[in-house]
Amino acid sequence: ESTINASRARGTSTTMSYFRRAVTTGAACLGNLHSLRQHRPVLSSFPLSAPSPLSRHLFAPSPFPSFAPARRFHDVTPVPSLALNHLRPNPGAKKKKKRVGRGRGGGRGGTSTRGHGGQGQRGSIKVGFEGGQTPLFRRLPKKGKLRNGHGSIYYETVNLEKIQSFVDQGRIDASVPVTMRVLHDVGICKTIKDGVKLLAKNGDALKTPLHFVVSRSSVGAAKAILRTGGSLTLAHYNRLGIRVLLKREKWERERRAIPRHARPPPKMA
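With positions in the sequence shown counted from 1, the corresponding number in our numbering is that position plus 77.
Worth flagging that the hints you see were computed from the coordinates, not collected in a lab.
Worth double-checking, as some hints may not be accurate.
What the hints assert, rightly or not - Below, a list of computed lysine-lysine pairs in the DSS-like style, where the Cα atoms sit at most 25 Å apart:
1) Lys344 - Lys274
2) Lys344 - Lys219
3) Lys274 - Lys284
4) Lys219 - Lys203
5) Lys239 - Lys274
6) Lys324 - Lys267
7) Lys270 - Lys284
Said to hold, decoys possible - Restraint ranges, calculated between C-beta atoms of paired labels, are given here:
8) Gly209 - Ala170: 38 to 46 Å
9) Asp281 - Lys171: 52 to 60 Å
10) Pro342 - Asn167: 51 to 59 Å
11) Trp328 - Asn167: 25 to 33 Å
12) Tyr232 - Lys173: 48 to 56 Å
13) Asp250 - Lys300: 47 to 55 Å
14) Lys172 - Gln210: 35 to 43 Å
15) Gly209 - Val263: 53 to 61 Å
Note that beta-carbon positions come from the ideal geometry of N, C-alpha and C, so glycine has one too.
Input sequences plus hints: build the corresponding full structure.
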């Protein structure tokens, strides 16, 4: 009987050592030692042999504070996680590719939705091609703004109200002529291609007599300038002359010859 009891004790000790090893391995994989502490009353009910260092470590009091009791499943609010594999395009942002020529079962087989023979099935047609006759863009004459905007003139528009506000702020000196260079330097005109045109929006706001040298002006703006005692001079500049006017120091720094002032065309004279 003593031999049987000893063998039973050894078998029980071996079984419990395997059980402890499995529990320890599972806890290491899950990374949650707190869940193992909940099984301590169950393990302590077995007739264990002398406590091993592993059992002392496993069933020792936890140095971490106790966790709050878990709530019910429907009370737990899921926290969305942000990762690259969770990114999705907006619904309807992507459409499936139109697969043609994959047999009659796909619905787009045979002629691949191009029809039976002809120019449209063999390749793309150039924009503006009219089957061999003279296209419309060649039938129209090369004059005015009908073709690619050739001959178009773009004036930068400025209102007198804005100029008066800059004078009140001290950003424009009323004692010197207001040229396109002055309007460009103070920031009223950002880009000047062919010149500057004055407009009379809220022209009554102009109170200071100013002397303007610009390319164009409306009738209302001219009347408002002359009513305050100022003057208006319309000067013609081509694009090269405007570049020289705005950045004259570039020509002087590079010691280049200053271009002569361009003459206005006969229609504008």
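Consistency of the hints with the structure:
no.	hint	in the structure
1	Lys344 - Lys274	holds, 18 Å
2	Lys344 - Lys219	holds, 18 Å
3	Lys274 - Lys284	holds, 19 Å
4	Lys219 - Lys203	holds, 22 Å
5	Lys239 - Lys274	holds, 13 Å
6	Lys324 - Lys267	holds, 14 Å
7	Lys270 - Lys284	violated, 29 Å
8	Gly209 - Ala170: 38 to 46 Å	holds, 42 Å
9	Asp281 - Lys171: 52 to 60 Å	holds, 57 Å
10	Pro342 - Asn167: 51 to 59 Å	holds, 55 Å
11	Trp328 - Asn167: 25 to 33 Å	violated, 54 Å
12	Tyr232 - Lys173: 48 to 56 Å	holds, 50 Å
13	Asp250 - Lys300: 47 to 55 Å	violated, 24 Å
14	Lys172 - Gln210: 35 to 43 Å	holds, 37 Å
15	Gly209 - Val263: 53 to 61 Å	holds, 58 Å
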